[in-house]
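**Q** Based on the provided sequences and hints, a complete structural model is requested.
Those letters in the sequence shown? Residues 5 to 161, per the numbering used here, in order.
Hint data in this document are derived by calculation from the structure and do not stem from the laboratory.
Take these hints with a grain of salt, some might be off.
Said to hold, decoys possible - Distance ranges between label pairs, derived from CB positions:
| id | residue 1 | residue 2 | range |
| --- | --- | --- | --- |
| 1 | Val-24 | Glu-48 | 18 to 24 Å |
| 2 | Ala-12 | Thr-81 | 16 to 22 Å |
| 3 | Arg-92 | Val-121 | 24 to 30 Å |
| 4 | Thr-138 | Asn-96 | 30 to 36 Å |
| 5 | Tyr-29 | Ala-99 | 15 to 21 Å |
| 6 | Pro-109 | Glu-56 | 26 to 32 Å |
| 7 | Ile-79 | Leu-39 | 22 to 28 Å |
Unchecked claim - The calculated DSSO-like cross-link candidates involving lysine-lysine, where the alpha carbons are at most 30 Å apart (straight line), are:
| id | residue 1 | residue 2 |
| --- | --- | --- |
| 8 | Lys-28 | Lys-87 |
| 9 | Lys-87 | Lys-20 |
| 10 | Lys-28 | Lys-107 |
| 11 | Lys-87 | Lys-107 |
| 12 | Lys-87 | Lys-108 |
| 13 | Lys-20 | Lys-107 |
Glycine included, C-beta positions come from ideal geometry on N, C-alpha and C.
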Amino acid sequence: MNEAQSSASHAVFALKLHIVLVTKYRRQTLTPEILAYLREAFAEILASWRCELVEFGGEADHVRILASIHPALNISTLINNLKTASSRRCGNRFAQHLATFYKKPAFWHRAYFVSSVGAVSLETVCNYVQNQGTSNKRGRRPKAHEGMPPHRAAAPA
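**A** The structure is reproduced here in structure tokens:
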């Protein structure tokens with residue numbers, strides 16, 4: 005997996021999304037041939053949005069996409085475009101196969117899952133942010149109540 009950062013005119017970024025799309029009614033419509041086609045389709049669609057397909061996998065009723073995205077994007081618009089464009093492409097190429105499952109050409113469920121993915125854990129980033137400007141630097145182990153969000157920190161005894 006490429007952990008490199010990208011840059012735009014005034015930003016340096018490394019944004020990765022884990023996206024899961026499920027077939028309508030969780031029907032087992034995705035054959036190995038369709039999955040291979042979807043990999044190519046998602047790579048092309050993402051590239052047209054200044055994004056990159058990092059990893060792709062799937063089973064008969066869902067696909068998982070790991071994408072590197074540009075920070076100027078609206079995530080829901082991107083995902084809806086991925087669903088619409090891939091559905092249209094597959095509907096044209098595999099119309100006979102998909103007609104046995106669906107009356108209409110759309111085959112993705114309207115819902116989706118998306119999560120950001122990073123090289124470090126949320127806890128590591130929280131600790132880093134909280135320790136900015138403090139003496140709590142690398143090499144010094146924080147006390148039990150240090151490094152926790154203020155609403156979780158226990159009052160020192």
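**Q** Quick one: which hint numbers does this structure break? Sort them smallest to largest.
**A** 4, 13
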